[in-house]
Amino acid sequence: MAQISRNQLSLSLRYQNRFRMELISHVFILIPIILAAWAFSDGRGSERLEQLTGLSDQFTFIILGFVAFTALGIGNMMLQESHIAFAISYEMMTGTLERMFLMPVRRITILLGIGNYYIALFTFQALTLFLGAWLIFGFEPELTTRGLLFALWAVLVLVVTNVTLGIIGAALTLAFKDNQMYMLVIHRPAALVSGAYFFIDLMPQPMKFLAYINPVSYAVDAFRGALTGTPLLTDSTLIALLAASAYTVALCLLAGLVYRLDGPNGTRGKPIPFLVAIMDIQRTNRIRCRQSRSLAVSIRITLVR
Amino acid sequence: MQAHSSSYKLPETASAWLRDAITYWLDSLTIAKYSIFIFSRYRSWLLNLMIGPFLMIAPFVFLGDTLVGEGKPLTGSYFTGTEFTDYIGFLVVPLIAVNLSNTVFTWIGGLIRQEQLMGTFERALVTTQFTSTMFIGKTIAHLLYLAIFAVSTVALVFLWVSPEFDVNLTAAVIVIILHVLCVYGMAFAMSSLLIRVTDSWTVQTVMTRAVLSILAGATFPIVIFPGWLQAIAKAIPFTWIFELERQTLLQGNGIDAELGGFIYVVLATIFMWIFGFVMLRVELANAKRRGSLGNF
Chain A
1 MAQISRNQLS
11 LSLRYQNRFR
21 MELISHVFIL
31 IPIILAAWAF
41 SDGRGSERLE
51 QLTGLSDQFT
61 FIILGFVAFT
71 ALGIGNMMLQ
81 ESHIAFAISY
91 EMMTGTLERM
101 FLMPVRRITI
111 LLGIGNYYIA
121 LFTFQALTLF
131 LGAWLIFGFE
141 PELTTRGLLF
151 ALWAVLVLVV
161 TNVTLGIIGA
171 ALTLAFKDNQ
181 MYMLVIHRPA
191 ALVSGAYFFI
201 DLMPQPMKFL
211 AYINPVSYAV
221 DAFRGALTGT
231 PLLTDSTLIA
241 LLAASAYTVA
251 LCLLAGLVYR
261 LDGPNGTRGK
271 PIPFLVAIMD
281 IQRTNRIRCR
291 QSRSLAVSIR
301 ITLVR
Chain B
1001 MQAHSSSYKL
1011 PETASAWLRD
1021 AITYWLDSLT
1031 IAKYSIFIFS
1041 RYRSWLLNLM
1051 IGPFLMIAPF
1061 VFLGDTLVGE
1071 GKPLTGSYFT
1081 GTEFTDYIGF
1091 LVVPLIAVNL
1101 SNTVFTWIGG
1111 LIRQEQLMGT
1121 FERALVTTQF
1131 TSTMFIGKTI
1141 AHLLYLAIFA
1151 VSTVALVFLW
1161 VSPEFDVNLT
1171 AAVIVIILHV
1181 LCVYGMAFAM
1191 SSLLIRVTDS
1201 WTVQTVMTRA
1211 VLSILAGATF
1221 PIVIFPGWLQ
1231 AIAKAIPFTW
1241 IFELERQTLL
1251 QGNGIDAELG
1261 GFIYVVLATI
1271 FMWIFGFVML
1281 RVELANAKRR
1291 GSLGNF
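Protein chains in written order, with my numbering: chain A, 1 to 305; chain B, 1001 to 1296.
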């Protein structure tokens, strides 16, 4: 897994413009939101937001929501090529997917190896955003020991959700041979209904219903609630955290199910029709992998180089 | 028009001009058919058509609902003197335009990069006599998509938020056509300019989705910027286009409301088209000489 993570890092470093953008794109995405909010509320304070949420500082409201969302890593419209699903899509386009999947390791290991790079990247983005807003713009979260612990818990949940959604997204990409499918089914809806920078209860139905069943909403709300003391979706931050954690565990199970390779010939479990295609690829490659282990080892050496 | 062969000479007779023009058109149609064929393989376009625009526009409208209040007028100091009071219209008009522009940048701006990535760039180059037909052919194919996308986006917006439009039809049509031409011009220019950049898509993304969307003030008035940044913002054609679109679609004003901006955008559009086609020739020749044509 470590070797695959290093491989992903070296691939990213090869495209230096993209790498630079990965480091700063979260700021670019945030600026129009911050400026629109500033213009709408004529400054930093917002009476309207205070009436709705009890929090008068719209800047703090938006920054906290966006930091949490950045940790999730799927909300950034500029990073459409920076995620597990797109890493897989990239391998498909360049014709190296089969070569990679022939490596004598489980496919889930390959995906998690790729995911490690993105965990590091999005943690970096969330941290720099939080510190930048705090040190430069006088952003004012309520920092208590309990709040910080809960915020870290929320970040952990978001990071794990990031990887599991990435794995499921990779499944969609492989099944449909179309990386936009992931974007439209997971990426943008999760962004839209999470309430990262608006008040969820103002959304019309059925958007509001989707927001209340969206795991990302609870994680974002828990993070914000931990650092402001006022969660919006639930009565307490702990409940929001437990809800987000429960959703994440369910997503992990789903992601594990998608890439389960333990059964005979890798055929066990075909729960969802569109995943059948992936299972078929897995079965074929598993047999190939057994037959050509020495070849796979040599390919692995090439990949590491 | 430019042929991929460096030995190409301009025709000397009217019949030769006609022959080349027909060849150019047929080459463009070939590329258009090829583009539609590729496009039809990715079925997400239908899903994108149905929910893509909504997902792009809705978060900003919800932000307005949260900070301004549904049905309440824009009253902040940054809107003083702008005559815009409906935040939904203020946001929706440029965001529709941004949404449509993004499809142009994805299709045309990413054209060469995509061909390089899939290893089909050289094949596409030798298929046609005139290399710039790659742009024109792709544009023909994209215009079909753009028409469907525009209709579905506008229908969706009207069904969902019903912004208060006050349209000056003639002026609006002229501005929208100018906007489309300007976006294509910029996409041609960037695509040509970045042929030798291995991750050109990234540079274009930064330019179109960051710099342009921030500086052109799609979701806020640019008076929020300090003076020096406003000057830079006004050098971007899209700043004027968004203003013209708001004026003609929301205020019922004519082009004369921003005549200086309109003339500036026309000149910028002509420049970008010429620049795009000239740079395609120059950069292709450079890439061939350096052996970096298929690099990605």
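Errors might be hidden in some of the hints.
[As the list claims (entries may be wrong)] SDA-like cross-link-like pairs, simulated, lysine to any residue; straight-line CA separation at most 20 Å:
1. B:K1033 x B:A1021
2. B:K1009 x B:A1021
3. B:K1072 x A:R48
4. B:K1072 x A:M103
FYI, nobody ran anything at the bench for these hints, they're computed from the structure.
Outcome of the hint check:
Simply put, K1033 (chain B) and A1021 (chain B) have alpha-carbon atoms about 18 Å apart, close enough for the 20 Å limit, and the pair holds. A C-alpha spacing of about 14 Å is found between K1009 (chain B) and A1021 (chain B), which places the hinted pair at or below 20 Å, so the restraint holds. For the suggested pair K1072 (chain B) and R48 (chain A), the alpha carbons sit about 11 Å apart, so the restraint of at most 20 Å is met. At most 20 Å may separate the alpha-carbon atoms for a hinted pair to count; K1072 (chain B) and M103 (chain A) exceed this at roughly 60 Å.
Checked against the numbered hints above, the structure violates only hint 4.
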